[in-house]
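Participant: Sequence:
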Amino acid sequence: MGIAVNGIDVTDAEIAAEMAHHANAANPLKQAVHEVVLRRVLLDEADRLGIVSGDASDDERIETLFACEVQVPEVDDLACRRYYDAHKAAFTRGELVEARHILFQVTPEAPLELLRETATLILEELRHRPERFEELAKRYSNCPSGAVGGSLGQLKRGDCVPEFDAVLFRLAAGELAGRLVETRFGLHIVQVQRRLEGTLLPFDSVREQVADTLRRESWQRALHQYLHVLVGRAKIEGVELEGAESPLVQ
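Residue numbers (full-length UniProt numbering): 1 to 250.
A few of these clues could be false.
[What the hints assert, rightly or not] Computed cross-link-like contacts, EDC-like style, restricted to lysine to aspartate or glutamate with a CA-CA straight-line distance of at most 16 Å:
| no. | residue 1 | residue 2 |
| --- | --- | --- |
| 1 | LYS156 | GLU98 |
| 2 | LYS30 | ASP44 |
| 3 | LYS88 | GLU240 |
| 4 | LYS88 | GLU197 |
| 5 | LYS235 | ASP9 |
| 6 | LYS156 | ASP204 |
| 7 | LYS235 | ASP44 |
| 8 | LYS30 | GLU18 |
| 9 | LYS235 | GLU45 |
| 10 | LYS30 | GLU240 |
| 11 | LYS30 | GLU45 |
| 12 | LYS156 | GLU95 |
| 13 | LYS30 | GLU237 |
Just so you know, these hints were derived from the structure itself, not from any lab.
Using the sequences and the hints given, assemble the complete structure.
Facilitator: Right, here's the structure in full:
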């Protein structure tokens, strides 16, 4: 059975044309089908509501549909203040850490289970004898930094992958992470040697930035809910539309 939206078939030509926009997607075909089907659902809803301006493009009709149907409440000072208080790290400037690590990289010759066992033993050794960090980094680390005892130098937030960053900026000066840190690169033993705490920007100076963030988040939530309603109401055959997340609505 082919793919149809509200009784109208989706053609292979439509999908092929859409695939050109998703060459870098993990699954270009799946993403293209998702986009074509969602666009059909939205345009059918625009037709139902009479949004049929002769000169408007499909994208303009969809934007008009969103403007008419997706309602987002205004952001107030209290909401901005709560967000600011809960995300102070994001508004801190000049925060730096000096850190070092030992990387155990996953390879076909060194599977994850074996690496985890070795890394756990070395982490336990460093808990008792932290002075051996440089020595063990030179011996075991699969990172070029191993040649200098695992030193990564000074780092600011965002310099490392998020899962590494999250641990790095929670550690106190001199603290060794109590667990192995897993990233796309492998397993890490991490220690922060020094910290520079940085300066928190005052609320008034970032109030509009916070408000813009909250507006975007509120818009995405409202839009996601709206799309789920439309998709649930539409008759879609031949494919299961997973969620309503799409470049159409970003």
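Participant: Now tell me, hint by hint, if it's right for this structure.
Facilitator: Here is how each hint holds up against the structure:
{"no.": "1", "hint": "LYS156 / GLU98", "in the structure": "9 Å, holds"}
{"no.": "2", "hint": "LYS30 / ASP44", "in the structure": "21 Å, violated"}
{"no.": "3", "hint": "LYS88 / GLU240", "in the structure": "41 Å, violated"}
{"no.": "4", "hint": "LYS88 / GLU197", "in the structure": "12 Å, holds"}
{"no.": "5", "hint": "LYS235 / ASP9", "in the structure": "11 Å, holds"}
{"no.": "6", "hint": "LYS156 / ASP204", "in the structure": "24 Å, violated"}
{"no.": "7", "hint": "LYS235 / ASP44", "in the structure": "11 Å, holds"}
{"no.": "8", "hint": "LYS30 / GLU18", "in the structure": "11 Å, holds"}
{"no.": "9", "hint": "LYS235 / GLU45", "in the structure": "12 Å, holds"}
{"no.": "10", "hint": "LYS30 / GLU240", "in the structure": "10 Å, holds"}
{"no.": "11", "hint": "LYS30 / GLU45", "in the structure": "23 Å, violated"}
{"no.": "12", "hint": "LYS156 / GLU95", "in the structure": "6 Å, holds"}
{"no.": "13", "hint": "LYS30 / GLU237", "in the structure": "15 Å, holds"}
When each numbered hint is compared with the structure, violations occur for hints 2, 3, 6 and 11.
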